[in-house]
Amino acid sequence: MSRLRNAFGVVSRREETALIGFVMGGDPTPKYGQRIAEALIRGGVDILELGIPFSDPIADGPTIQAAAVRSLASGTTSNTVIDLAKTLGRHYDIPIVLLTYYNLIRARGIQNFMEKASGSNVDGIVIPDLPAEEAEEYKETAVAYGLDTIFLAAPTTSVNRLSRILELTSGFLYLVSLTGVTGARSEIQIRTLELVKRFVKLTKGKVPLGVGFGISKPDHVRQLVKAGVDAAIVGSSFVDIIAKNLEDIEDACTNLEVETRRLKEATRNS
Amino acid sequence: MKRLASYPTGGKFGQYGGRFLPETLMDAVLELEKIYVKLKKNKDFRNDLDSLLKAYAGRPTPLFLAKNLSESLGGAKIYLKREDLLHGGAHKINNALGQALLAKYIGKTRIIAETGAGQHGVATAMACAVLGLKAEVYMGSEDVERQRLNVFRMKLLGTEVHPVESGSKTLKDAINEALRDWVTNVDSTYYLIGSVVGPHPYPQIVRDFQSVIGREIRRQFATEEGRLPEAIVACVGGGSNAIGAFYPFLDDQKVKLFGVEAAGLGLDTGHHAASISGGREGVFHGMLTYLLQDPNGQVKATHSISAGLDYPGVGPEHSLLESLGRAEYVAVNDTEAAKAFVELSRLEGIIPALEPAHAIGYVHELAPRMKKDEAIVVNLSGRGDKDVQVVADFLGEQI
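If you're matching them up, the sequences are chains X and P in order. Once you know that position 266 of the first sequence is 518 in the numbering used here, the rest is easy, because the numbers rise by one and skip nothing. Once you know that position 176 of the second sequence is 1533 in the numbering used here, the rest is easy, because the numbers rise by one and skip nothing.
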């Protein structure tokens, strides 16, 4: 069993829901990557999602776009982020997932990328611009290197396409909670909760379900837990904390840890 | 051998193209493909589009024998396909009318588009005004500054213009922002892409609507000369005017096809926009194609004197034609393009846009190497009124 699937098992035996925390690797600079990741880990994330910055992130809203700009400006490459995963692996036994746009994988060579990731404590990969229809080579290579392939589903995904997506998915399914780009939202809409409940049924017994996009507050997490998801994915609100504390990374780390703890606490309220 | 005109198959031009998109948009592009396949055979749709192209846009455009230019270069005869005479001043209206009509048939009332120099934005604004649709156009804030006149034209035509502050604040960022809008408003909104780029089926849809250029060239040239031309030359940014001119000739191997990219300050300087001549394969804006990128896969900033060629990618069908050797892709730099701009103005009384001035620039090399009884057709894709200030600044006291 993969370390990701195992993590879901551990969390559910504790009668909790998993919290997946995203930050952009190398934001604001590679120097602080480890400390920022550790703040999330100390706060209690069950799975860490590290972004590789891309020049043209079409699925991301302003918050994560700005993180990519900061990270790229400080010289971050895919190697920087994969090396961060490797370093973290020496100290922590926590599953790590990379989020990267497809061109960054292709540019390195798909096989080369997977080989390096697999040898660097990476457990799975999320690619926001690679739909099932284009994923053949990626899937084969990832499987060969024992990496989980986390595909996305959206409110607009048809039932037929979902079954194909589920065939390709391992680790967990990443449900995009709304039609839109990443970014914190003030509330979870009723139709989002209806969508989530529908997907809980569709994925039950097949693959764990993680829900992200717009999830930013403990109350959001509680609503997802109640709806029966396996993981709540939080990104932009962590990135916001980094953006607001660029002058003082100590403050950023303290606030990240506190915020992670609040969100993690919400996964226990069932 | 597979007929080249039969591409795309399965959403691909050979290995190029495809649909590299966020999941949220997949249903929309698959649906659009189905609807388009049906509508393209629909008689009412075709008649509506034909009459708009004729009575509103000004088709057919003339094929003009540029005698002075031909004599001055001392080789092949040079014909100009006068897309500069279309409503709005560029070939962009062919596609804007086609897609706006498509959106109207589908029942979408909100149209979004991107624009670089503003030509596609203006064409979209015109098409939406005449068809009663609401248009919003994304434009990099750098381009908004450089092309104030076109911004005002769009506003005058009832279109809302959104300046884009992200990234390099130019065309590629305007496309990023239009895609983000589309991800958010996919149910209500039609994305009217301006070139043969983006996810399938857009490269095909835009090609089909622009192919009217090549069909007319074929007919008009046969009337003039009783045969097919020896060569067709067109500029390539995203590549819509070039594909439009090339497509009806793809399977006539003896017609040589030349795509002219922007070499900017020179291919060896890194400051250019020649995706095929200076790039390598990558995935960008929903397609696999030639792309200007750094070794890590980050998309590079581009440079060209011509805003309409200032794009780091290229239509996937061009990548196929390059890989098969069916078309030859060459590059012309800022200085050569500016020289051709001035020369065509003086010799023929036609001020070309800076984009096709690159094509004319290549003809300066090509024509003298050809025989006097051979002929080149150049797609003069737009008029140059929008560029006179840029060229005056570039040439300084030389003008």
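Hints should not be assumed to be uniformly reliable.
[Claimed, not checked] Here are some of the chain X residues that sit facing chain P, going by a computed Cβ distance under 8 Å: (1) S307; (2) D308; (3) E388; (4) E392; (5) T393; (6) S410; (7) N412; (8) G432.
In case anyone wonders, no lab produced these hints; they're calculated from the structure. Even glycine gets a Cβ: it sits at the ideal position worked out from N, Cα and C.
Against the structure shown, which of the earlier numbered hints fail to hold, in ascending order?
-> Going through the list in order, the structure violates hints 3, 4, 5 and 7 and respects the others.
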